[in-house]
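All chains, full assembly: derive it from the sequences and hints.
Chains A and B, in that order, give the protein sequences.
Okay, so the first sequence: first residue is 4 according to the numbering used here, each after it adds one.
Okay, so the second sequence: first residue is 4 according to the numbering used here, each after it adds one.
No lab work stands behind these hints, which were simulated from the structure alone.
Where is the CB? At the ideal position from N, CA and C, for every residue including glycine.
One thing to keep in mind: the hints can contain errors.
[To be verified] Here are some chain A residues the structure puts well away from chain B; computed CB gaps all over 12 Å:
hint : residue
1    : Glu54
2    : Tyr62
3    : Glu114
4    : Leu116
5    : Glu126
6    : Ala150
7    : Glu153
8    : Gln157
9    : Glu168
10   : Gly365
11   : Phe446
12   : Gln451
13   : Ala456
[Said to hold, decoys possible] In the BS3-like style, the derived pairs of lysine-lysine whose C-alpha atoms are separated by at most 30 Å in a straight line are:
hint : chain 1 : residue 1 : chain 2 : residue 2
14   : B       : Lys346    : A       : Lys261
15   : B       : Lys42     : A       : Lys240
16   : A       : Lys261    : B       : Lys392
17   : A       : Lys346    : B       : Lys261
18   : B       : Lys392    : A       : Lys42
19   : A       : Lys392    : B       : Lys58
20   : A       : Lys313    : B       : Lys261
21   : B       : Lys346    : A       : Lys42
[Said to hold, decoys possible] Covered stretches of chain A (chain B as the covering partner; in silico rule of three or more C-beta atoms under 8 Å from a C-beta of chain B):
hint : segment
22   : 36 to 49
23   : 84 to 96
24   : 137 to 144
25   : 227 to 236
26   : 276 to 288
27   : 366 to 375
28   : 378 to 388
Each chain, letter by letter, is given below.
2 protein chains.
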Amino acid sequence: MVEPGIHDDETLVADAAEDEVRPDDRIDDERHDEENRLKPEYVRGVRDALEDGDKTAVYDLVEPLHPADIADLLELVDSEEREQLASAITDLMTSEVVAELNDHVREVMMEALEPEAVATIAEQLETDDAVQLLEDLDEDDQKAIIAELEPETQAAVESALAYPEETAGRLMSRHVMAVPEHLTVGDLIDFLRENGDLEHDFHEVFVIDAAHHPVGTCALNWILTTPRSVKLTDVMKRDQTLIPVTMDQEEVALMFQKYALISAAVVDDSGRLVGQMTVDDIVHIISEEAGEDALLLSGAGDGDINEPIKEAYSSRVRWLIANLGTAVVASAIIAFFGAAIEKLVALAVLMPIVASIGGNAGTQTMAVAVRAIATNQLTRSNTRRILWKELRVALLNGGTVAVLIGIAAALLFSPMMGVVIAAAMIINIAVAGLAGVLVPLVFERLNQDPAVASSVFVTMITDSMGFFAFLGLAVASGLTG
Amino acid sequence: MVEPGIHDDETLVADAAEDEVRPDDRIDDERHDEENRLKPEYVRGVRDALEDGDKTAVYDLVEPLHPADIADLLELVDSEEREQLASAITDLMTSEVVAELNDHVREVMMEALEPEAVATIAEQLETDDAVQLLEDLDEDDQKAIIAELEPETQAAVESALAYPEETAGRLMSRHVMAVPEHLTVGDLIDFLRENGDLEHDFHEVFVIDAAHHPVGTCALNWILTTPRSVKLTDVMKRDQTLIPVTMDQEEVALMFQKYALISAAVVDDSGRLVGQMTVDDIVHIISEEAGEDALLLSGAGDGDINEPIKEAYSSRVRWLIANLGTAVVASAIIAFFGAAIEKLVALAVLMPIVASIGGNAGTQTMAVAVRAIATNQLTRSNTRRILWKELRVALLNGGTVAVLIGIAAALLFSPMMGVVIAAAMIINIAVAGLAGVLVPLVFERLNQDPAVASSVFVTMITDSMGFFAFLGLAVASGLTG
Numbered sequence: 004m005v006e007p008g009i010h011d012d013e014t015l016v017a018d019a020a021e022d023e024v025r026p027d028d029r030i031d032d033e034r035h036d037e038e039n040r041l042k043p044e045y046v047r048g049v050r051d052a053l054e055d056g057d058k059t060a061v062y063d064l065v066e067p068l069h070p071a072d073i074a075d076l077l078e079l080v081d082s083e084e085r086e087q088l089a090s091a092i093t094d095l096m097t098s099e100v101v102a103e104l105n106d107h108v109r110e111v112m113m114e115a116l117e118p119e120a121v122a123t124i125a126e127q128l129e130t131d132d133a134v135q136l137l138e139d140l141d142e143d144d145q146k147a148i149i150a151e152l153e154p155e156t157q158a159a160v161e162s163a164l165a166y167p168e169e170t171a172g173r174l175m176s177r178h179v180m181a182v183p184e185h186l187t188v189g190d191l192i193d194f195l196r197e198n199g200d201l202e203h204d205f206h207e208v209f210v211i212d213a214a215h216h217p218v219g220t221c222a223l224n225w226i227l228t229t230p231r232s233v234k235l236t237d238v239m240k241r242d243q244t245l246i247p248v249t250m251d252q253e254e255v256a257l258m259f260q261k262y263a264l265i266s267a268a269v270v271d272d273s274g275r276l277v278g279q280m281t282v283d284d285i286v287h288i289i290s291e292e293a294g295e296d297a298l299l300l301s302g303a304g305d306g307d308i309n310e311p312i313k314e315a316y317s318s319r320v321r322w323l324i325a326n327l328g329t330a331v332v333a334s335a336i337i338a339f340f341g342a343a344i345e346k347l348v349a350l351a352v353l354m355p356i357v358a359s360i361g362g363n364a365g366t367q368t369m370a371v372a373v374r375a376i377a378t379n380q381l382t383r384s385n386t387r388r389i390l391w392k393e394l395r396v397a398l399l400n401g402g403t404v405a406v407l408i409g410i411a412a413a414l415l416f417s418p419m420m421g422v423v424i425a426a427a428m429i430i431n432i433a434v435a436g437l438a439g440v441l442v443p444l445v446f447e448r449l450n451q452d453p454a455v456a457s458s459v460f461v462t463m464i465t466d467s468m469g470f471f472a473f474l475g476l477a478v479a480s481g482l483t484g
Numbered sequence: 004m005v006e007p008g009i010h011d012d013e014t015l016v017a018d019a020a021e022d023e024v025r026p027d028d029r030i031d032d033e034r035h036d037e038e039n040r041l042k043p044e045y046v047r048g049v050r051d052a053l054e055d056g057d058k059t060a061v062y063d064l065v066e067p068l069h070p071a072d073i074a075d076l077l078e079l080v081d082s083e084e085r086e087q088l089a090s091a092i093t094d095l096m097t098s099e100v101v102a103e104l105n106d107h108v109r110e111v112m113m114e115a116l117e118p119e120a121v122a123t124i125a126e127q128l129e130t131d132d133a134v135q136l137l138e139d140l141d142e143d144d145q146k147a148i149i150a151e152l153e154p155e156t157q158a159a160v161e162s163a164l165a166y167p168e169e170t171a172g173r174l175m176s177r178h179v180m181a182v183p184e185h186l187t188v189g190d191l192i193d194f195l196r197e198n199g200d201l202e203h204d205f206h207e208v209f210v211i212d213a214a215h216h217p218v219g220t221c222a223l224n225w226i227l228t229t230p231r232s233v234k235l236t237d238v239m240k241r242d243q244t245l246i247p248v249t250m251d252q253e254e255v256a257l258m259f260q261k262y263a264l265i266s267a268a269v270v271d272d273s274g275r276l277v278g279q280m281t282v283d284d285i286v287h288i289i290s291e292e293a294g295e296d297a298l299l300l301s302g303a304g305d306g307d308i309n310e311p312i313k314e315a316y317s318s319r320v321r322w323l324i325a326n327l328g329t330a331v332v333a334s335a336i337i338a339f340f341g342a343a344i345e346k347l348v349a350l351a352v353l354m355p356i357v358a359s360i361g362g363n364a365g366t367q368t369m370a371v372a373v374r375a376i377a378t379n380q381l382t383r384s385n386t387r388r389i390l391w392k393e394l395r396v397a398l399l400n401g402g403t404v405a406v407l408i409g410i411a412a413a414l415l416f417s418p419m420m421g422v423v424i425a426a427a428m429i430i431n432i433a434v435a436g437l438a439g440v441l442v443p444l445v446f447e448r449l450n451q452d453p454a455v456a457s458s459v460f461v462t463m464i465t466d467s468m469g470f471f472a473f474l475g476l477a478v479a480s481g482l483t484g
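Printed below as a string of structure tokens:
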């Protein structure tokens with residue numbers, strides 16, 4: 004329900020006045036270090052004041068902070084201190100601060116409040132921030148809070164929650180500056196003058212036809228530098244990127260990056276403009292999605308340092324158990340060669356080296372492949388070429404490492420041992436290189452997230468092949484008599 | 004040398020006209036799949052045309068693409084095809100396409116050109132894109148190309164190259180819309196009308212004092228919605244984020260994210276406005292920096308799938324050699340227990356399980372910690388609390404895995420073996436959990452990049468401790484007689 008124009012939200016609690024004179028140049032103030040983190044001395048000061056129960060001191064210390072920094076502070080202290088802190092700075096706890104909080108910390112804080120209180124906060128937020136506030140809560144809590152919302156907010160929130168998580172429909176802003184296509188630049192400026200609303204920043208004006216379909220966009224700097232008499236349709240950019248309301252957030256983020264967008268129109272199935280996404284939302288998504296790989300590859304789950312213990316345990320342990328499975332498979336291979344090891348215990352000493360380096364080589368290749376798949380740089384069109392390239396890199400790496408360990412083993416044990424371990428190393432690293440590319444691709448083809456599923460399989464392949472190649476070659480070469 | 008106003012670049016080669024009518028709604032065109040990648044059939048069509056030497060067909064196929072997509076296409080084909088493609092589409096090879104190319108691919112293409120040709124392309128780019136074009140080239144090539152530049156461009160490029168890589172000074176745009184503070188909104192609009200330049204997008208106007216220091220910013224939507232008579236100093240935002248010219252790109256990206264910025268002023272040591280950074284540059288940096296961890300953690304280096312073989316080899320092999328070192332340390336521990344293994348070969352079968360799971364647990368924790376350090380969520384203020392939390396998660400994980408493997412080992416081997424492996428598992432996972440947090444923190448305290456250096460040390464600790472705990476307990480418990 005987007006009408007051309009701007010929608011007003013009522014604000015019930017004092018928002019920090021935007022034109023208040025505040026210290027500029029955030030870097031060199033006494034509360035932040037050179038990497039823009041709150042200084043430990045400052046945080047300790049706040050903690051001491053909390054311990055003394057000195058609410059006034061706490062308030063005075065926190066008052067000059069930007070909402071994002073207040074959120075940081077709430078995240079740094081432990082849960083007990085957090086409750087005290089929150090109660091000491093009630094009117095600094097604006098909706099801005101709440102919107103900036105880490106998801107887990109915010110969840111805990113919201114759970115401690117009554118539904119009416121949460122609804123009050125939600126009312127002051129933009130729809131997308133309100134939805135973010137509510138979406139991870141218990142379903143019953145969620146229903147209770149939504150029931151307390153004003154009808155307009157309620158409708159917007161429910162409409163957003165109707166879309167799946169992490170899609171454009173869930174994340175978009177419903178406040179869009181949209182104007183009909185017959186206007187001139189002058190008409191538009193007059194309209195903006197009359198209906199000016201400083202609460203909702205916008206960077207572009209969307210031009211729509213009678214059926215509410217976006218036909219072009221006008222960047223604000225174009226509007227400002229074009230004579231009033233010019234028709235919008237003559238100055239607008241027709242080459243536009245439309246985001247379907249069901250598009251996944253990662254795809255949206257990639258589009259924004261690729262086409263260097265500041266904002267983009269979100270359209271429903273029939274092509275009607277229903278909202279917009281702006282680059283500051285995307286920035287958050289990009290960081291999240293790009294940083295996910297390292298966490299997913301190792302099975303660290305959410306990987307948020309603020310994740311509660313129970314959740315961190317349950318997401319990580321399942322991957323450790325999966326790895327237990329692959330380790331047992333590798334051990335079964337060792338058991339198969341048990342007699343050989345009994346005869347030559349040096350095999351037990353050296354075999355973990357082959358498996359370990361192979362595992363590392365596989366992980367390297369996998370990290371590169373997963374990232375390339377995620378950024379659309381590894382596709383069916385260049386798979387063969389990339390595979391061949393990765394194999395050559397693997398052979399070069401394998402050769403180098405094989406020579407080093409081969410010489411060491413030959414000197415410490417026997418020349419034949421040197422040959423065996425060198426050969427096993429080359430084989431394992433080559434296999435690791437291929438597996439590191441192919442396994443993620445297979446999962447991608449099966450529509451599974453490569454970052455999540457590949458690690459277990461690549462490790463299984465490199466461990467098993469490492470032991471098998473080394474022990475097998477040792478037996479085959481007659482080392483064990 | 005930024006004067007209030009806008010600077011014009013001369014364009015020597017045809018740029019794609021911006022108001023050309025182009026197909027909108029990029030998603031559902033016949034060349035892209037639903038994830039906005041070029042369809043394999045389309046790419047094959049281009050390749051077939053290249054093979055047939057049919058330059059006209061190639062041109063017709065490529066002509067409708069957005070510059071970013073043309074860059075994608077150049078990246079997908081192999082180096083031979085790329086040369087043919089480039090020669091078939093010479094006037095589509097705008098500076099926009101060159102700016103969008105992957106670094107490695109662009110380097111190869113630029114090396115194939117004469118300095119004068121590269122200089123021509125560089126002239127049409129914004130300074131920051133021109134610098135990106137030149138910065139990775141051979142120093143001699145670089146000098147030759149710079150010598151061919153127009154004096155103004157030459158000065159700008161040399162000034163940018165004077166700053167270290169990946170700093171604000173290197174990456175900033177020198178085109179800034181800056182106006183003196185005594186103007187009114189009306190004055191500003193008139194000024195923009197006269198000096199309007201559609202070539203350089205801007206989203207904010209910076210207000211400077213007589214000493215060229217930024218005193219505030221005016222968002223364009225505020226300018227459009229404020230009456231003409233109002234003074235800029237009354238409507239501008241004084242609360243501004245200033246980026247020092249020496250700030251590292253990762254810090255800049257974090258600031259943009261934290262304070263939800265669209266653009267920010269870059270200032271030199273004396274506080275003078277020298278340029279600006281905008282969020283579309285940041286988006287690229289964020290993706291790069293956030294995605295780096297997985298690659299760095301595994302020693303995959305640049306981790307760019309387009310990296311030439313020689314570079315991929317040299318960055319990855321050094322990590323494999325480092326891992327060879329840690330594997331040898333672990334093997335030395337096994338050798339120490341050689342006699343025990345000779346007596347009970349089951350030890351050789353089971354010991355890799357303990358080391359492997361410990362390694363995974365360590366990697367999980369490390370991935371989380373590295374990310375948290377990079378996003379300023381793990382600082383001295385909450386280290387102790389986080390460490391204690393990670394230890395508890397590790398003990399829970401260790402306990403779970405220990406019970407599973409302990410029961411299996413007790414059934415397959417002997418009850419005492421079950422106890423030994425279970426105990427070793429708990430010890431190793433606990434150690435892994437602590438190491439996964441402490442090692443990155445130590446490196447961060449030593450001003451080294453935790454993502455790069457931690458992996459080797461965490462692996463060494465978990466492998467060594469895994470073998471030592473298991474084999475040591477096995478001997479101590481009398482399993483080996």
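Now for the hints, and whether the structure bears them out:
Distance to chain B confirms Glu54 (chain A) as a non-interface residue, since its nearest Cβ pair spans about 15 Å, more than 12 Å. Non-interface call for Tyr62 (chain A) relative to chain B: holds, since the shortest CB-CB distance, roughly 19 Å, exceeds 12 Å. For Glu114 (chain A), the shortest C-beta to C-beta distance to chain B comes to about 19 Å, beyond the 12 Å cut-off, and the non-interface label holds. For Leu116 (chain A), the non-interface assignment is confirmed: its Cβ lies about 23 Å from the closest Cβ of chain B, beyond the 12 Å cut-off.
Distance to chain B confirms Glu126 (chain A) as a non-interface residue, since its nearest Cβ pair spans about 21 Å, more than 12 Å. Residue-level check passed: Ala150 (chain A) sits 31 Å from the nearest beta carbon of chain B, beyond 12 Å. Every CB of chain B lies more than 12 Å from the CB of Glu153 (chain A), the least distance being 25 Å, so the non-interface label holds. In this structure Gln157 (chain A) is separated from chain B by more than 12 Å, as the shortest Cβ-Cβ distance comes to about 26 Å.
Distance to chain B confirms Glu168 (chain A) as a non-interface residue, since its nearest Cβ pair spans about 18 Å, more than 12 Å. Residue placement check: Gly365 (chain A) does not keep its beta carbon more than 12 Å from all beta carbons of chain B (closest about 9 Å). At roughly 15 Å, the least C-beta separation between Phe446 (chain A) and chain B is larger than 12 Å, which holds for a residue marked as non-interface. Listed as a non-interface residue, Gln451 (chain A) keeps its Cβ farther than 12 Å from every Cβ of chain B; the least gap is roughly 14 Å.
For Ala456 (chain A), the non-interface assignment is confirmed: its Cβ lies about 15 Å from the closest Cβ of chain B, beyond the 12 Å cut-off. Note on Lys346 (chain B) and Lys261 (chain A): the hinted pairing is violated, with a Cα-Cα distance of about 62 Å set against a maximum of 30 Å. About 26 Å separates the Cα atoms of Lys42 (chain B) and Lys240 (chain A), which keeps this hinted pair within 30 Å; it holds. The hinted pair formed by Lys261 (chain A) and Lys392 (chain B) fails the criterion: a straight-line CA distance of about 39 Å is larger than 30 Å.
Between Lys346 (chain A) and Lys261 (chain B) the alpha-carbon distance is near 62 Å, which puts this suggested pair outside the 30 Å criterion. Under the criterion of a C-alpha separation no larger than 30 Å, the hint pairing Lys392 (chain B) with Lys42 (chain A) is consistent with the structure, at around 22 Å. Distance hint between Lys392 (chain A) and Lys58 (chain B) is fulfilled; the C-alpha atoms sit about 28 Å from each other, no more than 30 Å. For the given pair, Lys313 (chain A) sits about 28 Å from Lys261 (chain B) by alpha-carbon distance, which is consistent with the 30 Å threshold.
For a cut-off of 30 Å, the pair hint linking Lys346 (chain B) to Lys42 (chain A) is broken: about 57 Å separates their Cα positions. Here's how the segment 36 to 49 of chain A fares: 7 of its residues keep a CB closer than 8 Å to some CB of chain B, so the rule of at least three is met and the hint holds. Counting residues of the segment 84 to 96 of chain A whose CB lies closer than 8 Å to any CB of chain B gives 0, so the stated coverage by that chain is violated, three being the minimum. Here's how the segment 137 to 144 of chain A fares: 0 of its residues keep a CB closer than 8 Å to some CB of chain B, so the rule of at least three is not met and the hint is violated.
Only when three residues or more bring their CB closer than 8 Å to a CB of chain B does the claim for the segment 227 to 236 of chain A stand; here the count is 4, and the claim holds. Three residues within the 8 Å Cβ limit are the bar, and the segment 276 to 288 of chain A against chain B gives 5, so the coverage statement holds. Counting residues of the segment 366 to 375 of chain A whose beta carbon lies closer than 8 Å to any beta carbon of chain B gives 10, which meets the minimum of three for the stated coverage. Taking a C-beta to C-beta cut-off of 8 Å, the segment 378 to 388 of chain A contributes 9 residues in contact with chain B, enough for the three needed, and the coverage statement holds.
Violation of the numbered hints given earlier is confined to hints 10, 14, 16, 17, 21, 23, 24; the remaining hints are satisfied by the structure.
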